[in-house]
Amino acid sequence: MAPADSQSVRSSSSRRRRTNHERPRTRGSGTEAAHVDTPAQLDSIPAAVPRPNPPNIRLISAEAEKESQKVRSLYTSGEGLNWEDVGEPPPPLGGAPSQFTSDSPLELPPTRGTHVSSSVTLTDGDDPNLPAPWTDQRTEGIEDWDGINVEDVDRYGFILPAKPQTRTANSEDSDNAPDSPRKSRSTLRKMAYGGNSLTPRRGPSRKSSARSLHSHASDFSTATYRSSRSPMRTAMNLLPHNRDRRLVDEAGDVLAMQPGLTNIAEDESAEILADEAKRKEVSRTEKWRRMATVVKQGEDGQGMVFEFDLKHPKLLKRVWKGIPDCWRSAAWFSFLASSARASGDSYATDEQLKSDFLRLVDEPSPDDGQIDLDVPRTINQHIMFRRRYRGGQRLLFRVLHCVSLYFPNTGYVQGMAPLAATLLSYYDEENCFIMLVRLWEYRGLDWLYTAGFEKLMETLQDFETLWLTDREVTKTLSDLSVQPMAYATRWYLTLFNLAIPFAAQLRIWDAFMLLGTSPKSKAGPDPSEGETTDSGEPPSKGLEILHAASAAIIDVYNDSLVDSDFENAMKILTSWVPIKDVEHFIGVVHAEWKRHENKQKSF
Amino acid sequence: MASEDSLPVLKILVIGPSGAGKSSLLLRYCDDQFDPESSTATIGIDFKTKKLAVHGKGYRLNIFDTAGQERYRTLSTSYYRGAHGVIVVYDISNRKSFLSLDRWIEEARSNASENAVIYLVGTKLDKVAPGGTRAVSLEEAKAFAASQEAGYCEVSAKTRTNIKQPFVDVVGEIVQRPQLLSGELAKRTASSPLDLNAGGSQASSSYCSC
Numbered sequence: 001m002a003p004a005d006s007q008s009v010r011s012s013s014s015r016r017r018r019t020n021h022e023r024p025r026t027r028g029s030g031t032e033a034a035h036v037d038t039p040a041q042l043d044s045i046p047a048a049v050p051r052p053n054p055p056n057i058r059l060i061s062a063e064a065e066k067e068s069q070k071v072r073s074l075y076t077s078g079e080g081l082n083w084e085d086v087g088e089p090p091p092p093l094g095g096a097p098s099q100f101t102s103d104s105p106l107e108l109p110p111t112r113g114t115h116v117s118s119s120v121t122l123t124d125g126d127d128p129n130l131p132a133p134w135t136d137q138r139t140e141g142i143e144d145w146d147g148i149n150v151e152d153v154d155r156y157g158f159i160l161p162a163k164p165q166t167r168t169a170n171s172e173d174s175d176n177a178p179d180s181p182r183k184s185r186s187t188l189r190k191m192a193y194g195g196n197s198l199t200p201r202r203g204p205s206r207k208s209s210a211r212s213l214h215s216h217a218s219d220f221s222t223a224t225y226r227s228s229r230s231p232m233r234t235a236m237n238l239l240p241h242n243r244d245r246r247l248v249d250e251a252g253d254v255l256a257m258q259p260g261l262t263n264i265a266e267d268e269s270a271e272i273l274a275d276e277a278k279r280k281e282v283s284r285t286e287k288w289r290r291m292a293t294v295v296k297q298g299e300d301g302q303g304m305v306f307e308f309d310l311k312h313p314k315l316l317k318r319v320w321k322g323i324p325d326c327w328r329s330a331a332w333f334s335f336l337a338s339s340a341r342a343s344g345d346s347y348a349t350d351e352q353l354k355s356d357f358l359r360l361v362d363e364p365s366p367d368d369g370q371i372d373l374d375v376p377r378t379i380n381q382h383i384m385f386r387r388r389y390r391g392g393q394r395l396l397f398r399v400l401h402c403v404s405l406y407f408p409n410t411g412y413v414q415g416m417a418p419l420a421a422t423l424l425s426y427y428d429e430e431n432c433f434i435m436l437v438r439l440w441e442y443r444g445l446d447w448l449y450t451a452g453f454e455k456l457m458e459t460l461q462d463f464e465t466l467w468l469t470d471r472e473v474t475k476t477l478s479d480l481s482v483q484p485m486a487y488a489t490r491w492y493l494t495l496f497n498l499a500i501p502f503a504a505q506l507r508i509w510d511a512f513m514l515l516g517t518s519p520k521s522k523a524g525p526d527p528s529e530g531e532t533t534d535s536g537e538p539p540s541k542g543l544e545i546l547h548a549a550s551a552a553i554i555d556v557y558n559d560s561l562v563d564s565d566f567e568n569a570m571k572i573l574t575s576w577v578p579i580k581d582v583e584h585f586i587g588v589v590h591a592e593w594k595r596h597e598n599k600q601k602s603f
Numbered sequence: 001m002a003s004e005d006s007l008p009v010l011k012i013l014v015i016g017p018s019g020a021g022k023s024s025l026l027l028r029y030c031d032d033q034f035d036p037e038s039s040t041a042t043i044g045i046d047f048k049t050k051k052l053a054v055h056g057k058g059y060r061l062n063i064f065d066t067a068g069q070e071r072y073r074t075l076s077t078s079y080y081r082g083a084h085g086v087i088v089v090y091d092i093s094n095r096k097s098f099l100s101l102d103r104w105i106e107e108a109r110s111n112a113s114e115n116a117v118i119y120l121v122g123t124k125l126d127k128v129a130p131g132g133t134r135a136v137s138l139e140e141a142k143a144f145a146a147s148q149e150a151g152y153c154e155v156s157a158k159t160r161t162n163i164k165q166p167f168v169d170v171v172g173e174i175v176q177r178p179q180l181l182s183g184e185l186a187k188r189t190a191s192s193p194l195d196l197n198a199g200g201s202q203a204s205s206s207y208c209s210c
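Quick note, the sequences are listed as chains A and B, same order. Just so you know, the first sequence maps onto residues 1 to 603 in the UniProt record's numbering. Just so you know, the second sequence maps onto residues 1 to 210 in the UniProt record's numbering.
Don't read these hints as lab results, they were simulated from the structure. Possibly wrong hints are sitting among the right ones.
[As the list claims (entries may be wrong)] Computed cross-link-like contacts, DSS-like style, restricted to lysine-lysine with a CA-CA straight-line distance of at most 25 angstroms:
(1) B:Lys127 / A:Lys70
(2) A:Lys66 / B:Lys96
(3) B:Lys96 / A:Lys70
Build the full structure now, drawing on both the sequences and the hints.
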């Protein structure tokens, strides 16, 4: 919860000006002191092609500027902040931020830590079990380990619940929705323990309800799922060439409990599975190391930049199998950088974007109040984002602040925060900013976030008409008027961050970073027209991975949705999807994607 | 419960400025949970249900929780169609939140059906409780609500204070308005609550007190 006095901070500006003020190419001269050295630096950068116009400066009212100033001062901490300077006491979180890190670095969760920068050292890449470069000074203070045991944090930095707790029973209506993503803590708790004790258990019934949904996740017999298919089709699905169809038909199984996968300590077979997964990741890590080319040597093993040949025959397959976590940041960075270079016209280089970041971070943004409101409630069960105004929260604020200025037509929009937070668990702030800018420009996020959300509507329309056809469930949903806008808005805007488990989200991102393109770049000579072009391409061309992942979620719930009523359909689809078997889920996404690609080819 | 499915369904929309505590209010009311540390901003909409008995008669509430940021208003307008009640939420410890109510009520008036019940809720009562600083006095808030012909109540999702009251009041008011519950509207509510093309009834000016 925000401290009480931050409320007064926010209450200063009631009407902010959203006018975007076109400015000539004079840079770095905001209404307050900016980095004067920035323009000079920029001019000296040997850009091969002239850059497009630098981001406009947003005009800001005096009131909003005052608010911005106040809010930003709260985040100025970083290194050696003197809190007295801003008249703000530090949050009452005791303990030295880096105490844990420096004392027992080897016990930190494996494979995390590439967040320090986009760099991956080669030794790091050799073994996912080796701790990442924790000694890096920049790590210190970003994470908040106060009161947290290392075993209670998963490999991605999310704090796991300490012990199962039964929900307070005085809710008069037990007919609760399934886990909502906003209750992420309780969600994690429920997932870890199968949710058995948390909801009234019910036998399988054809009439699906949100209650039986929990049973699905825990002990619903998978046979029940298949029983709704014809025996012939089930048998045919066993044939090798029907593998994809089988994956989709059995999509409901992704919610099934994989014994032990979620509760490792208690199950031996789980250890075997985990060992197997570990072994696979080690071997994949080696394969990725061999695919990588160093394009820039960093200093002291930091800041090394890698590139991956997009034409490598195995790349696509390996991406679908999942990028090893220690290579994720490097691979994503490389994929987006390739798109930037391939964009044909001028593009902003890493260095240019970095200097943009450094320039913008000191300029006031009319969105600072809103960003400040959202920062503490973004992925706050993650070890990086716990401490108010500091660590990951500070980086998150700075990055969102800069993005709000870099894209003046969009500004800051809720939904950006979880994207930035996800990236910050892999990159430092400058590279996170670069990634966000490129996601916007080359992966169609600018399209999805277009003011008024008209493009998002078109995209969801595409999803309904091009991906959801030929399914029984589509008719149900359409009869019930449960439209994608109601349930998929969050999926698309946050790239599934608030919808599925983090590990599954990362796998979707793997594919999207490689295969996604910007819809506008395909829209022909007039990109402002969202109409289907002469080539017959749908407006959202380029976002197929997002469509495929959305279709996969519908597949997962197919049997529950087919004879659902409005309430249950809404509950199911607006809630967190408790995916247990990530591999199977990605298999369904892949199958959906291939099915769509084949359909396109056959035209 | 056998009669569960046959309960009349009432559609309630919850709107208001970002950070006012709309989702917290609903999470406490529908699920009796409160966890500020794991709250997140609402993207798009959220959906909740709750059974409620008023004057000895049961109802099923379908509650739509909307995103507070202004940018999301274009998405929210399509949910007004068929809404029986609109609860406008603000934070009593935040003056700015209160000052934005004019716009939110205007938003509700221009999109919801003419007879829809509009109700005002002040949140975070616990923060101003003993010795805390209120940004809006009870009298001022009440006077404002009265001027809008809206009911008013102050709640705390943290302490559960008054948490049921807004919903009891709203349903109590809805059932006083037979036009709202007429078969036509109820049917539409059940069958097409999310019609994208719903322009919303524009005939709202007659509702104003002045």
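Hints numbered earlier in the text: which of these fail when held up against the supplied structure?
none
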